[in-house]
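Chain by chain, the residues run as shown.
Protein chains: 2
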Amino acid sequence: MKLATYRDGSRDGQLVVVSRDLSTAHYATGIADRLQQVLDDWGFLSPQLQDLYEALNGGKARHAFPFDPQMCMAPLPRAYQWADGSAYLNHVELVRAAGGAEVPERFYTEPLMYQGGSDDLLGPCDDIRVADEAFGIDFEGELALVIGKPGRHIAAADAMQHVRLLMLANDVSLRQLIAAEVETRLGLVQGKPSTAFSPVAVTPDELGEAWQDGRVHLTLQVSWNGRKVGLCEAGPDMRFHFGQLIAHVARTRNVRAGSIVGSGTVSNHGVDQGGRRDWPKGYSCIAEKRAIETILDGAPRTDYMRFGDTVRIEAFGADGQSVFGAIEQRVAKA
Amino acid sequence: MKLATYRDGSRDGQLVVVSRDLSTAHYATGIADRLQQVLDDWGFLSPQLQDLYEALNGGKARHAFPFDPQMCMAPLPRAYQWADGSAYLNHVELVRAAGGAEVPERFYTEPLMYQGGSDDLLGPCDDIRVADEAFGIDFEGELALVIGKPGRHIAAADAMQHVRLLMLANDVSLRQLIAAEVETRLGLVQGKPSTAFSPVAVTPDELGEAWQDGRVHLTLQVSWNGRKVGLCEAGPDMRFHFGQLIAHVARTRNVRAGSIVGSGTVSNHGVDQGGRRDWPKGYSCIAEKRAIETILDGAPRTDYMRFGDTVRIEAFGADGQSVFGAIEQRVAKA
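Protein chains in written order, with this note's numbering: chain R, 768 to 1101; chain D, 768 to 1101.
One or more hints might be untrue.
In the DSS-like style, the derived pairs of lysine-lysine whose C-alpha atoms are separated by at most 30 Å in a straight line are [to be verified]:
(1) R:LYS916 / R:LYS995
(2) D:LYS916 / R:LYS1100
(3) D:LYS995 / D:LYS1100
(4) D:LYS1100 / R:LYS916
(5) D:LYS995 / D:LYS1048
(6) R:LYS1100 / R:LYS995
No wet-lab data here; the hints were simulated from the structure.
Make a model of the complete structure from these sequences and hints.
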């Protein structure tokens, strides 16, 4: 099942069911108004939404209308939690190596994670509004999931049953502000402005065999100003699967329904080609490209995003269909 | 006006208005069910709650009942944001000095802040449930506020008009886990389990002259196992006022109604007494006591909390009345 939140002037928007091929949609009115409601009462409400979804796919939903991603807010426009992992160790290794820092042993056994702000999440086509280009504006293409069944001390192996929905995320980063914030050792506030999410959130069954071992085995396509810069595989190099990320958040806390957990920037290991290290899959964030340039040539050549720049993030299923719809954002001066 | 959230088996509880002296309460039914609703529509709903509050104080509310803090959830049992500052530099100086680290210059001009989890906030009398005493269980007595009017790029001087409610907080900390987490440079997840809040949240006018310059000029009383360990003044040594803390969160993001911002552990500067440095006001967290012991005697003598330990945090107005009611929690094995 695929769900989206349509803009209606309210803070939480209006829940819609979207057809598998993303061509049509139908208001969930009469079942639920908001996605958080559904997450709070999944057992009762989701079968009703599933029925509507099937009618919609069969062309039998009475008041179906063409689906327009431009109308979408984030599936959860404000959420009670956004905890973002950094599960692709290649990303961490590259960024650390470029900065001349070692990767601590612990990073290979314990997931990295930061707590993000979740009161103002962006829709897939919302502008990335930043006051100053000098902040070092970057995108981060990621997978994210929404937890339904709450709990504390969830074992990584049991965590999959807590996953209700999957989405794409653009975890926008302000690199120059992050550089200063990490020195506080208390984490990221200003360096992580609002994160954007894909038009639709989908139940794991929509991924078929691509959802396996707690990982999404799809290619994440990232384009910057219309040019494809990343075709990274989201499955194989995800060192910590989503179950481990959920278990990490839930180790000392009771995690509640509607919490969003992110994978971190999707990133693949490099390969040795003709005596030189190469990263043929490209990149899902500019910081990584700059790290590669620094490692290979001593200095970064690629600048961060400018006002007017665009980024597009999307993933396609085995059938060639866009699974989540595309995140497509423009950087604008705040 | 004083507001609380009564436990009713639901995730968000039931909004009640509480009398100034905390003796009686009245359901806000008919006006609003949940506090977040009120924050989303403050201009319309708060005058109605204020009328009920005045009737309650005058003994004229029809269905008033005795107020019981044990029935309270956090005023916002789940919130869209919990961003906690560390605005009392003495706390930072002590903890750094004990660890042999300098305080960077930047810490005197830019507030320190971490993003906390906000999906599972604790009521004033809820147990602090921790799996292992070896995690280094600590309390942190703090002031916190709830933002009502949302915004981005809020100037510190304008931020006061965004403050809707004030509360006390116990920002529970697991010191041994924090020690490992700060090394990730991405902030705190496992080291900060659920934060607890006072029985009532109060509008700033309830503080009278004690609410000045964006600071709460009251004494924060902290007792550990029934023994008073802290009588710190919350006003004078708060290096960054709440307006500056709000401006810090809102620098690169749009901050939404219902966001909670914390002061950090209330802490007063030491004084020189008889040739020896002393901190006569005591402490609002054990880490600080241990830092003082380390500075004076080379090693900490005070252990962190044990299962069964209790902590009580409260503040009294000029009239001797408890302003927010007391946070009174026990540590229990999870």
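Going through the hints against the structure:
1. R:LYS916 / R:LYS995: violated (37 Å)
2. D:LYS916 / R:LYS1100: holds (23 Å)
3. D:LYS995 / D:LYS1100: holds (24 Å)
4. D:LYS1100 / R:LYS916: holds (22 Å)
5. D:LYS995 / D:LYS1048: Between LYS995 (chain D) and LYS1048 (chain D) the Cα gap is close to 10 Å, so the pair holds against 30 Å.
6. R:LYS1100 / R:LYS995: Cα-Cα ~24 Å, so holds.
Hint 1 from the earlier list is the only one contradicted by this structure; the remaining hints agree with it.
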